[in-house]
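Participant: Protein chains in written order, with the working numbering: chain A, 165 to 420; chain B, 15 to 384.
Calculated directly from the structure, the hints in this document are not laboratory data.
Wrong hints could be hidden among the right ones.
[Unchecked claim] With a cut-off of at most 30 angstroms between alpha-carbon atoms, the simulated DSS-like pairs for lysine-lysine come out as follows:
#  : chain 1 : residue 1 : chain 2 : residue 2
1  : A       : Lys-185   : B       : Lys-300
2  : A       : Lys-186   : B       : Lys-24
3  : B       : Lys-299   : A       : Lys-331
4  : B       : Lys-159   : A       : Lys-319
5  : B       : Lys-159   : B       : Lys-25
6  : B       : Lys-292   : A       : Lys-319
7  : A       : Lys-186   : B       : Lys-300
8  : A       : Lys-335   : B       : Lys-159
9  : A       : Lys-186   : A       : Lys-319
10 : B       : Lys-25    : A       : Lys-331
11 : B       : Lys-300   : A       : Lys-319
12 : B       : Lys-300   : A       : Lys-189
13 : B       : Lys-24    : A       : Lys-335
14 : B       : Lys-299   : A       : Lys-186
15 : B       : Lys-160   : A       : Lys-335
16 : B       : Lys-25    : A       : Lys-335
17 : B       : Lys-160   : A       : Lys-331
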Amino acid sequence: MNVLVLLSIILFVLMTLIGGKKGVKTFIALFLNFGVLLITILIMNDPNASPPVLLTLIACVIISMITLFFIHEVNSKMLVAFFSTIATTLLLLFLILIITERSMIQGFGPEESDGLYIFSLSISLDFVEIATSVIIMSTIGAILDTAVAISSPMKEIHIQNPTINRKDLFKAGMTIGRDILGTSTNTLFFAFFGGYLGLLIWLKDLDYSVGEMINAKVFSAELIAILIANTGIALVIPIAAAMSAYYYVLKQTKEK
Amino acid sequence: MRKWQQKITKKQILFFLILFISFIGSLLFVNLNHSLYDRPIAKVINSTEVERNEITDQYDNVDYQITEELTAELLNGGENKGTLLTIINEYTESEAINHHFETGDEIFLSIDINQQTGEVEDVKRDKFVVFALWIFILVLIAVGKKQGVYSFISLAVNALILSVALDIYLYNSDYSLLVISGISVVIFTILSLLMVNGRNEKTYAAIIATLLGTLSSLIIAYLALHMTGEQGLRYEEMSLSTRNPQIIFMAGLLIGALGAVMDVAITMSSSLFELYEKNNQIDLKKLKQSGLEIGKDIMGTMTNIIFFAYVSGSIPMMLIYMKNDLPLGNTLTLNLSIELARALAGGIGIVLTIPIAIYISIFFIKRKRV
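Isolated chain A, as found in the complex (with noise of 0.2 angstroms):
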């Protein structure tokens, strides 16, 4: 058998045995996500298409709706959840896109052009823009994830506390979201640094300089990756917070 299908079928059941239903349907939507990830890059590769960038922001937005609306469900906590990711990653596109373009991180290194000689790559792709996909497109899960995070608790304080200002309910946000500040950079950076094991453990065998490293596109290029998927998660925060007090509490006075 095959290890992947062993793999997905043991993340199934107990997927199912934990979550029971909805872990049902968090093995589905990570199947759907999976999906639209390979969609995306199948459009991408139509000459034709929308420029990449454009694509992932479709993307992320299919992403974090699957993620939200179908595991969970539409409510208000998971709407602010929802507008805050898609704000936060077009404010994050736009400095991804300049460092991108200023520090020529895209495409591959001389390092890596040994095991490219018999692939074409005059292929009419942007590179600049394809490898600020793939920063956003790695960071989306973390940012949807600290996302709910303060969004939930926020509605919480909120239910408990229904006379509290925008302001107050603002600093709660805030106060939740430093907690999580910490743990939140945390994962994303294991798990960005698993990935690069193999690249980090190949540099150190090329023996560079660390001069030589910090300006070799492939070291430069997962540093910078890591630093801005890192700073989305930060800027959600107080996006995140200040969303949930706004709406929250707007929803409130509709109500009256």
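Given the coordinates of chain A, work out where chain B should sit on it, guided by the hints.
Facilitator: Using the frame of chain A, we list chain B on its own:
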């Protein structure tokens, strides 16, 4: 505003002063450090496109091959500093490997000083790395204040441990990478969780749950690989390194899921202890039930995090495969099998940590009661 001003202590002023000085200092350093590099560096002062040809490869991909003439001023190299060089630079519009340069860009060159010419080798990227680092630090501190500083320190310490661990592995190859990663994982877990949550029972419960969760996901992954004879796993795209790809894969698995597993463990133990503290007489069955509810809620987003962090990196290579008309099946298995296996095994670790953390927290709570 006045209230805010009064709150600033001397310690804070000192902190911001140090922060400001290192900010300015590091930016000045990376912009003026040319003489520290052995490799010649030049700054582009003029860039003119001389030729632009449409090229079509054998798969009918249309791109442009562009030749530009750069005038660049040498920024280091002792007495030759300031020499103007004329450089011919070729690139394709996709810019997958070679780049277009504009006025102000700084590049590493191999030069022929007599002919006043040279060849582009690489881009000077250090200042952008430092720039990205500062954006991260400043946003982290602006949002997290004190906790932001702690988070940054914790990340830096973790990066340092990782680097040292890899050095130990490289210089003593007789130690297995798995053993070294295993030891690092224990250190990471204890340090990170203690730093985030302090010394108390909920942290201890989270540490034990993290280690057990990581260990069981590793065992399951190992058994799955063993049972299937690694059928369906293609290590070719990992083969940058000369070292055993299976071991690197397992070690990456161990470290990659660790952050997510820690996150789950601490969320579970914190919430269970909080429920207990709110109501000391709470029924253990009820506590377990609440724990499962919380677990269900975080399971989806946590598995998503590692899934996207792993799989997204394969996008550029997959596009190249597809543009080169390779069959879709090959494109997927060659580029995704490793990352998917890692994501699935990490997901298994995350899900398993939920009941493990519940039982361990309840064990600690039971002990507290007696």
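Participant: Are the hints correct? Go through all of them and say.
Facilitator: Going down the list of hints, with the structure as the test:
At roughly 19 angstroms between alpha-carbon atoms, Lys-185 (chain A) and Lys-300 (chain B) fall within 30 angstroms of each other, so this suggested pair holds. The hinted pair formed by Lys-186 (chain A) and Lys-24 (chain B) fails the criterion: a straight-line CA distance of about 51 angstroms is larger than 30 angstroms. For the given pair, Lys-299 (chain B) sits about 39 angstroms from Lys-331 (chain A) by alpha-carbon distance, which is inconsistent with the 30 angstroms threshold. Distance check on the hinted pair: Lys-159 (chain B) and Lys-319 (chain A) sit about 24 angstroms apart at the alpha-carbon level, within 30 angstroms; holds.
For the given pair, Lys-159 (chain B) sits about 14 angstroms from Lys-25 (chain B) by alpha-carbon distance, which is consistent with the 30 angstroms threshold. At roughly 19 angstroms between alpha-carbon atoms, Lys-292 (chain B) and Lys-319 (chain A) fall within 30 angstroms of each other, so this suggested pair holds. With a C-alpha separation of about 19 angstroms, the suggested pairing of Lys-186 (chain A) with Lys-300 (chain B) holds against the 30 angstroms cut-off. Between Lys-335 (chain A) and Lys-159 (chain B) the alpha-carbon distance is near 13 angstroms, which keeps this suggested pair within the 30 angstroms criterion.
About 21 angstroms separates the Cα atoms of Lys-186 (chain A) and Lys-319 (chain A), which keeps this hinted pair within 30 angstroms; it holds. Distance hint between Lys-25 (chain B) and Lys-331 (chain A) is fulfilled; the C-alpha atoms sit about 28 angstroms from each other, no more than 30 angstroms. Pair hint Lys-300 (chain B) plus Lys-319 (chain A) holds up; C-alpha atoms about 23 angstroms apart against a cutoff of 30 angstroms. Under the criterion of a C-alpha separation no larger than 30 angstroms, the hint pairing Lys-300 (chain B) with Lys-189 (chain A) is consistent with the structure, at around 24 angstroms.
Of the supplied pair hints, the one linking Lys-24 (chain B) and Lys-335 (chain A) holds, its CA atoms being roughly 25 angstroms apart against a limit of 30 angstroms. Between Lys-299 (chain B) and Lys-186 (chain A) the alpha-carbon distance is near 20 angstroms, which keeps this suggested pair within the 30 angstroms criterion. Taking the CA atoms of Lys-160 (chain B) and Lys-335 (chain A), the gap is about 15 angstroms. The hint holds against a cut of 30 angstroms. Distance restraint check for Lys-25 (chain B) and Lys-335 (chain A): the Cα-Cα separation of roughly 24 angstroms lies within the 30 angstroms cut-off, and the hinted pair is therefore satisfied.
This hinted pair checks out: Lys-160 (chain B) and Lys-331 (chain A) have alpha carbons roughly 21 angstroms apart, not beyond 30 angstroms.
Checked against the numbered hints above, the structure breaks hints 2, 3 and satisfies the rest.
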